[in-house]
Amino acid sequence: MTIHDPRIPSANACVVGAMLGRQARAQPDKIFVIFEDGSRWTYAETLHHVAKAAAGLRALGVQQGDHVLSWLPNGREALLT
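Under my numbering, think of the first position of the sequence shown as 125, with each following residue one higher.
Hint data in this document are derived by calculation from the structure and do not stem from the laboratory. Every residue gets a Cβ at the ideal spot worked out from N, C-alpha and C, and that includes glycine. Treat the hints loosely; a few may be bogus.
Label pairs and their calculated CB-CB ranges [as the list claims (entries may be wrong)]:
| # | residue 1 | residue 2 | range |
| --- | --- | --- | --- |
| 1 | G145 | V186 | 13 to 21 Å |
| 2 | Q187 | V140 | 17 to 25 Å |
| 3 | G185 | V139 | 22 to 30 Å |
| 4 | I127 | F159 | 41 to 49 Å |
| 5 | F159 | D129 | 36 to 44 Å |
| 6 | L193 | G141 | 15 to 23 Å |
Subject to a maximum C-alpha distance of 20 Å in a straight line, what follows is the list of computed EDC-like cross-link-like pairs (lysine to aspartate or glutamate) [said to hold, decoys possible]:
| # | residue 1 | residue 2 |
| --- | --- | --- |
| 7 | K176 | D190 |
| 8 | K176 | D153 |
| 9 | K154 | E169 |
| 10 | K176 | E201 |
Could you build the full structure based on these sequences and the hints that come with them?
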């Protein structure tokens, strides 16, 4: 039995993947991030890059629920993880 607690937001409201997907559908051309070098990614571009990174991890055998360590400075690669 699932109990709904109104104090706990839904996954759609607080899980990064769900939020990014929702924003990419709602406003794909809006700028999501501006990097230090001035380059920019829209929500749609960010979702595309994230999907490619996720596919790469899956190709390495990483599955949902696995623990993965990411030790990166701020930047594109850190955002993708």
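Do the hints match the structure? See the list:
{"no.": "1", "hint": "G145 x V186: 13 to 21 Å", "in the structure": "20 Å, holds"}
{"no.": "2", "hint": "Q187 x V140: 17 to 25 Å", "in the structure": "18 Å, holds"}
{"no.": "3", "hint": "G185 x V139: 22 to 30 Å", "in the structure": "23 Å, holds"}
{"no.": "4", "hint": "I127 x F159: 41 to 49 Å", "in the structure": "42 Å, holds"}
{"no.": "5", "hint": "F159 x D129: 36 to 44 Å", "in the structure": "38 Å, holds"}
{"no.": "6", "hint": "L193 x G141: 15 to 23 Å", "in the structure": "19 Å, holds"}
{"no.": "7", "hint": "K176 x D190", "in the structure": "18 Å, holds"}
{"no.": "8", "hint": "K176 x D153", "in the structure": "19 Å, holds"}
{"no.": "9", "hint": "K154 x E169", "in the structure": "10 Å, holds"}
{"no.": "10", "hint": "K176 x E201", "in the structure": "12 Å, holds"}
Violated hints: none; the structure is consistent with every hint.
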